[in-house]
Structures are given as structure tokens and as C-alpha cells.
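Colleague: Chain residues, written in single-letter form:
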Amino acid sequence: MAYIDTPEGKLHQYEIYVTEALDDLDRSDTNSLLALTLRDDIEDHLGDFDPPGLGKLRNLDSILAKKHEIVSEVLPNPAETDRRRWWWFLHEGPHVRQERQSA
Amino acid sequence: MAVDEVGLEVSGDSELRARRLEQLRAMSSEELDECIRRMRLEQDLPELLYHFRTHRAEFDADTPEAYHALFKEHIRRDGLIFLTYIRPRGSATMWHLVDLDLGNVAQYNETRREYWSFFRPRNLDSFVEASLRRSVEVRRATSGWETLA
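Note that the protein sequences, when read in sequence, are chains A and F.
All the letters of the first sequence, read from the start, carry residue numbers 1 to 103 under my numbering.
All the letters of the second sequence, read from the start, carry residue numbers 1 to 149 under my numbering.
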């Protein structure tokens, strides 16, 4: 199994995207799509993550939400309609994450 | 033209896509062929170490050299899909060279005439679907290249 297929590998890659790659404004459009599609994959396999991993995910999600203006470059995406996947709706503002958490 | 929240001029996907399609249709088949030939002959991925650090886990590449070798192999592969678009931020003309079999994508900045990145999206279908909203696909036809609007 490749590292990226493991929960640790996915979190590692997600961390690189949200803490570094999104800040590269020359490539932020592509890096935003990479981050959002990886976040989908993490959500699809959420049951594989242990409590520390889920804690780290929450922290990284906070960083992603703070960078909502950057990822908005590739949003909205009409193909994404499931609001539980709040990251696809960040063009509406960072509040979409809190709304999902309170739902 | 709208202005986004960080103060940059942005155009809608459809407007940029239409503009790119217009540019492509103004090019002769020979010009397009030369553009694609140039991309496929390029060997260099500027800022290699930066891209290696950012994307190494996607490829499980152990060294920058291994990552660069995958890049060079990729851009010469048969059967690549060519997607081209105008970046909303900065208006650079970009290409994605997509390998649907291996899931790898090289990004080329035509405005700067250099490769811009090399990566493997976790979900290639989603990535391509999202890219297609703002891109034009350029495909080899019996006589030259054709653009798919």
C-alpha cells in the first residue's frame, strides 16, 4: 500500500496542500482542486482515522476554511451539491463549515 | 468583469472558456501542432525540488530524480488528454496534460513557456470534471487538431 493510501499519508498530503500549496498564488487554482478532491477522499474513508488523526483533520479543516478566498478561485462547482461536503461551498464564506458542524 | 474578495479581477468560467476557444480557433493547425510539440519536447520542470516536496507522496517517489523521471516519461506518453484554459488570476494560458490510465497530470504555463507543476490528483475523475468547466479539450483528429467545446 502506498503511503498516500494510508490515513497518515492522506493527512500528510492534506497538510501540505492547506498549509503550503494553497499559498502559492501562481498555482492556487490547481492546488485548490487537489486539496478539495483529497478532502473528499478523506471523508469517504473517515472510519479509517483514529482520534488523533481526526483531531489533526479538524485543525487542517480550520486552516482550509480560513483560506476560503483562495479556494474560491475554483468555486462554485455546480457538480457538487452535497452541503455536508462544506469545502465545496467555501465561496459562500468560512461559516459553511460551522453550519455543517452544528447541523 | 467582476472583482473577487481579494481584489483580483476575475471572469466567469464560461467567459474565460469562450475566450480560450476563440484563441484556439484563431490558430492554424500547424501553430497548435507546434505548441503541443514544444510541450512534449520540454525536459525541464523548473523548481523541481519545490514540486517534489509538494507532490512526492502522491507518487511515492523517493528522490527528486525519480519524480523528474516520471515527469519526463509522462509528457511523452501516447494517449494524453490536452486541456487548456485561461487562469482567472493573472490570465496566464495554461495546459493540463492528463494521463487517464496512470492518473498523472503535468501543468504547462504557455504564457511563460515552461512547465508549472506535475501531480497526481487523488480523484482524477473529479479533478478532470472540475477542470473541464473552464477548459477546452484539444484532441488529435485525422487532419490536425480539433477543439472540443
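Source of the hints: derived by calculation from the structure; they are not laboratory data.
Glycine residues also receive a C-beta, built at the ideal position from the N, C-alpha and C atoms.
Each hint should be verified, as a subset may be incorrect.
Facing chain F, from chain A, some residues (calculated, C-beta under 8 Å) [what the hints assert, rightly or not]:
#1 I4
#2 P7
#3 G9
#4 L11
#5 I16
#6 T19
#7 E20
#8 D23
#9 L25
#10 S28
#11 T30
#12 T37
#13 D41
#14 V74
#15 N77
#16 T81
Colleague: Can you name, in rising order, the numbers of the hints this structure does not satisfy?
Modeller: Hint check: 2, 4, 6, 8, 16 fail, others pass.
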